[in-house]
Amino acid sequence: MTDAVARARALAEELLFPSAAVVDAAGAVPRSHLDAIADAGLYGLTGPADAGGLDADPGTVAAVVEELASGELSTAFVWLQHLGVAGALRDGPEPLREAFLADLCAGRRRGGVALQAALRPGPAAVRVRTDGDGLVLDGTVPWVTGWGHVDLLLVAARDAADDVVFALVDAVGSATLAVAPQRMVAVTASATVELRLDGHRVPAGRVVGTVPLADIRAGDAAGLRPNGSLALGLVARCARLLGPSPLDGELAGARARLDAATPEELPAARAAASALAHRAAGLLVVSTGSSAVHSGAHAERLAREALFLLVFGSRPAIRAALVAELGG
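Here the sequence shown is numbered in my numbering, starting from 1 and rising by one per residue.
Hint data in this document are derived by calculation from the structure and do not stem from the laboratory.
Just so you know, even glycine gets a beta-carbon here, dropped at the ideal spot from N, CA and C.
You may find that some hints are simply not true.
Here are the simulated distance ranges between beta carbons [as the list claims (entries may be wrong)]:
(1) Pro93 with Ser287: 49 to 57 Å
(2) Gly282 with Pro93: 14 to 22 Å
(3) Gly282 with Ala324: 12 to 20 Å
(4) Asp39 with Asp131: 38 to 46 Å
All chains should be modelled from the sequences, with the hints used to inform the complete structure.
Below is the structure:
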């Protein structure tokens, strides 16, 4: 176990899990939780060493995500979005690196992402055009996590050539940037919102990069591994609450399958992890008995979170694999 993983486990066991029911009931991640993750250096998990980051390898990243998710999913979910921003700036323009990367790695500034609306099949939900010395963004992003906890959003938008422009946007409401809370059955404390952009101007110097849409879609499957650790974290918590059981071996098997999967195999491996989380939460409910249906019970919350993880970060191939696995 690396030092970063050990720090994540300590946070999960000593801070996140003991307060998970309270956070879920309150519907808001405490800033102190995110500050504790920053103090542990984990906001810089994927950041480069020259900016104060840990420069963690993919295995360490996956293990840290799993540990934090085993503690309390909403907090882990908010923090996870930040890694995408820090990772994008690793090879970003030098002025943006100098302006933001050290603060992002230290957790002094915190990031979120607004990506999939511009990347999914069909017409782009978010468009960008050049206007004078800046850019203008229009469209709607259904799911943006961590509103109120993040300072910057990495927004993806498609231009007239259908290339994808990635830009850093200040996470501040205005006449051209508005949000509406998303009501969900689980992880409501994650402050997930719908983001609406209506002629929102961004300086040209905030562009992180531009990538052809076809290239992003071709490489999408290779990036599916870290989200699988959210499901593994939920399974791990169920296993710890149940005590020694076959879940322990199944968890190890699901983790090994995700770690070994090729990009082509990752959708099925992700589906298997989510299906295992669903089954593990069901087993915990049955083993707990009637008290599991009390609002605030660990089993009740974990069952709702397992439902959330069946659809979070999904893709058509993941959905098809889940339908096949759950449908028999």
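A quick look at each hint next to the structure:
1. Pro93 with Ser287: 49 to 57 Å: Check passed, 53 Å falls within 49 to 57 Å.
2. Gly282 with Pro93: 14 to 22 Å: Taking Cβ atoms as reference, Gly282 and Pro93 lie about 48 Å apart, which means the hint is violated.
3. Gly282 with Ala324: 12 to 20 Å: At 19 Å between Cβs, range holds.
4. Asp39 with Asp131: 38 to 46 Å: holds (41 Å)
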